[in-house]
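Peer 1: If you want the building blocks of each chain, they are given just below.
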Amino acid sequence: MIRTSRHGARLAALLASAVALPAFAQDTGTLDQKRAEEAQRRPPAYSPYVGRDFPTRPFFGDTHLHTSFSMDAGAFGARLGPRDAYRFARGDEVTASTGQPVKLSRPLDFLVVADHSDNMGFFPDLFAGKPEVLADPTGRQWYDMIQSGKGADAAIAIIVAFSHATFPKDLMYSPGTPAYHSAWKATIDAAEEFNDPGRFTAFIGYEWTSNTNGNNLHRNVIFRDNADKASQVEPFTVYPPYGSDNPVELWKWMQAYETKTGGNVLAIAHNGNLSNGLMFPVVEASGKELDREYAETRAKWERLYETTQTKGTGEAHPFLSPNDEFAAFEIWDKGNLDGSVAKKKEMLEFEYARSALKNGLKLEKELGTNPYKFGLIGSSDAHTGLAAMEEDNFFGKTVPQEPSPRRMMEAFVDNTKTGVKIMDWEVSASGYAAVWARENTRESLWDAMERKETYATTGPRMIVRFFGGWDFEARDAEDRLPASIGYSKGVPMGGDLRAAPGGKAPTFLVAALRDPIGANLDRYQIVKGWLDKDGNLHEKVYDVAWSGDRKPGSDGKLPSVGNTVDETNATWTNTIGDPELIAVWKDPEFDPTQPAFYYGRVIEIPTPRWTAYDGQRFGVKPLPGTAMTVAERAYTSPIWYTP
Amino acid sequence: MGGYWQHLQAVSRLSMTAGLIFASSPAVLACGYHDDVSMARGMMNWVYPEALHVLGAISTAVAERRLAPPLSDKAPDLFGSRYRRTAEALERFGEALGESADRMPALSFSIVLLEPMLWTRYEAAGGRLRTQVHVTGPKAGDLVLVSGEAVIGGIVAGRLATGEAIERGLIRLYGSESQKAVFVGAFRSAGNARPDTIKPAAMSRAAQSVAGGETAMPLRSVPITALSIRQSTAFGADGTLACGPGHH
Amino acid sequence: MKLFREPLLHFAVAGAGLFAVYAWLDRGSEAEPSADLEVRIGEGELRWVGETWARQWRREPSREELRGLVLDLLREELLAREARTLGLDKDDTVVRRRLAQKMAFLIEDTARIAQPTESELRAFYDAHRERFVRPGQRSFEHIFFDSRKRSDAAADARQVLVKLSTSDAPAPGADEGDRLLIESDIRNADRYAVAGQFGQAFADAVFALTPGEWSGPVESAFGLHLVRVYEATAGEARPFEDAKADVVERWSDEQRRTVQERYFTELFRKYDIVADERIEALVGPLPGDVALGDVQPANEGLAR
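Protein chains in written order, with my numbering: chain Z, 1 to 643; chain L, 1001 to 1248; chain C, 2001 to 2304.
Each hint should be verified, as a subset may be incorrect.
Going by beta-carbon spacing under 10 Å, a handful of chain Z positions derived as facing chain L [said to hold, decoys possible]: (1) Phe-76; (2) Phe-127; (3) Ile-146; (4) Ser-231; (5) Pro-405; (6) Gly-619.
Don't read these hints as lab results, they were simulated from the structure.
Yeah, the Cβ is synthetic: ideal placement off N, Cα and C, and Gly gets one too.
Between the sequences and the hints, there should be enough to build the whole structure, so can you do that?
Peer 2: In structure tokens, the structure reads:
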């Protein structure tokens, strides 16, 4: 167990019982069996609180949203700041940077404004003519140009300064400067103002954006703490001399923060799909050979991975998983973040979550610790201040991609040198993070993230349960309180199976309920990865629950659920699929000597993609090849089995 | 980007800059899709507050079927024909303004079309408007109009009055209140199809095609500026500095 | 940002705009033909532009600055006069709407620049406590009847309802109803939270139920439910410090509206509006008919 010193004590207090549970089970929020059974027997009206110290509902949010405080978002015209972002996420109507009113179909439960730490807050300050900016001759010049109507020239001057590394050193918003301090303070103040425990959680956070040579190694850093602790530090950056592009240095910063303040932070990496093979290394990282220390440190700080977002979904890749008919989902595999280097097939293995989870099993054998034992979440990475990821209410990734008749037509990345071209229509209206927490507070949500009791969704707010244990039986799926059974007889998503009792194979209680205003469900699948005795890695996808009375064919594949989408009119119906799926599944190919992981994947019936809504509303014809339907999905954190 | 792009490069005083930003060292491109047209467009929102609300207004107008949507033009843009069509439309816009004014005010102004970030200056001289398409930017003190291709197309085609475009936020004006008043006063009716001034038959082909939305998509250009650019080799050895604002 | 959004120009312009509009509104009452070529500017205008400047820059304008402001104002007025002479304002919807719009912005701006004092905020908070509340919550249990699994889920639900209301046991038997992945016991949920889990219509229905007894069936996004609300809390007041940001927002909102209302009240007084009976019946009493200061922020009559 890696983090006993940090969390053992707190978790023990949270859990119903700390008695005689194997150490590893403590990380997962297991409920004492006896109390759970009692709770089931008792009529709820007599004592509704009994047995309810497990999470009873998932909270939905976004751990990755940029506002005008992010240098690039500002450059793209984002005018909404952190306050607007929180206001919007909690359900208020706001005006987008392109002047369009926008409101969520329902509020989110939490939000992390994660602005880029390098140059945080520069744009609002420049255009406000802050003294810090005007003190620099170049800053003064730009400001004067803007004030005298030469704004267009100022804009190009700023761009050129960046492109050519001639940006004045004194204007770099680096930690330690008063300007940077005030930007960070404004970020914290906004979170404090909108944090409303029990109702809406506004986390303090930022994004550390290592992007050397265009290879995406970005991480979001999320604080468990309030302003008193978070304001004792300033974010870690990339630009030297204050920062570094090496994740190891970020982890040192995180450790230093915890040591200094007694607080807690975690980091969530994203877009391995744009890292060109660098996100999940197996041999060396940042020029240094992988060792136990790397594995332990990474596993300690990086408890979650952002599996789906606007720039593609990174669960699995068809090249790596040729037998997985659902692997080709919102894939971005043409190159790195800036398209400067095209993708090679051999990079893929080190970019996608499933292969990383598999390689982690192997690394654990070699190094003693699994560096890639992460849970899964989704988030938006929108640069608009708007966590608007519903297909029929998608406000894009950047301001130029806010709703417009042109947004399906243009290129998002167009590198004429390498030929890497990604169209704007390929941007996904995805996703959100679902967190099984006891209550909607910074502490409770953060602790749930820390123990990986989370799942990713590509937008819909479906409820997904996933429990693993040795004793689940078919009738548990008929029970009225599957969660009580789940917690009492097993561990939830993100947990570890206890040692295998002789002769038993792991069983899983799985359940999913569709979004109350969303589409029915097609199927619930379990993805298993394992390491055999010869050191070879394997994976397999099992259909474990599905709608209707479909029967798997002779090839073992379940027939398609069908499709009700009218792409032209952007409509669909819930006449296929089921609102709820529930089952108990037993691994038919279990070998107790082989390490393995299992995670759930829930797939919705096809619905119109945002491109279909755009086509219908603006009366525009999509470019040939534009994806117009989407089978939305959820990915749970894995449950691991270690012999 | 095709021919239109090349054309712009050819006429651009700063084709060097453009070439550099788009096609030189990978380090420059470290910010990926943050091409400078998008950034220049984005910064309009700061320089001319809420300038990008024009985009939202266009979206609304297209959704309400008041403006033609852009066509997805798949044909290659040979020899910069797209640019020429837009340029012609802008010339025609100048003419339409001139025709609509009962008395030509002594008001020079600049317009920027947001999609290609193309600046055009209309200089009042001798009771006429002289059009200079593709200038580096507004002259100091100019009234600045922010709009989009479809809007100009609609006005030139006689389907949209300038005054209505302003009312609907399809054109935003930046300048002194008196400049704005003079502009609205003089040109509000430009674009109102008045049989005596605009006959469809007399409309230039360019105007028709622009109105039909054929200018379509990747109409891109760079805002050109007189800044002198030295080619720097210091693209940050690790590419980080070069990335600048480009992250995600 | 603030500085840039509201530069000096903006206020000079606003001043000129007000002057121009005022002059335009005013010309009916002071129709002196000889005044056509006369532009009056006096202590009032001077004070107004000076004050506007001072509010923005937090200092008095210098002599030179004041001179500039006045000159701008005059230039603007002269241009406006010329434009009117040319008849640019006649029967022109655009000009009329723009003028009205400008006026509306102007009034809003005046409200926006004034910063509230702490005591003003407190007074506002005290006067509108009902606006600064945490929303009411419900705790309820529910029994789910799955329409997909039952031929007549509603009838089954009603049958169980009868049983529940006649039996002494406060809780249903463990085998009533069908399974739903959402907990059967929902605690301390506000309307938003209930809507997020069950759909809006269900949430509205639950919040309308009388606490204590079983009711239903109520329809959700998933099927039918019998519901017993066992705890209902009304919204509770948020302490001032907690609600302060919202108070500022609402205060400014209110301020904007009040200024607008007052302004319209004065306008309605100033003009003699002759309406036929039909119109009068339609709009009711005009804002000018009530005493200044008594104007409700609510929209009445023609004020909107």
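Peer 1: Indicate, hint by hint, whether the structure satisfies it.
Peer 2: Do the hints match the structure? See the list:
Hint on Phe-76(Z) holds. Least Cβ distance to chain L is approximately 4 Å, under the 10 Å limit. Interface hint at Phe-127(Z): satisfied, since its Cβ lies 4 Å from the closest Cβ of chain L, which is below the 10 Å cut-off. Residue-level restraint check for Ile-146(Z) holds (minimum Cβ-Cβ distance to chain L is 5 Å; threshold 10 Å). The restraint placing Ser-231(Z) at the interface with chain L is violated, with a minimum CB-CB distance near 24 Å, outside the 10 Å limit.
With a cut of 10 Å, the hint placing Pro-405(Z) at the interface with chain L holds, because the nearest CB-to-CB distance is about 4 Å. At about 5 Å, the closest approach between the beta carbon of Gly-619(Z) and any beta carbon in chain L falls short of 10 Å, and the interface hint on this residue holds.
The structure fails to meet hint 4 from the earlier list, while all remaining hints are met.
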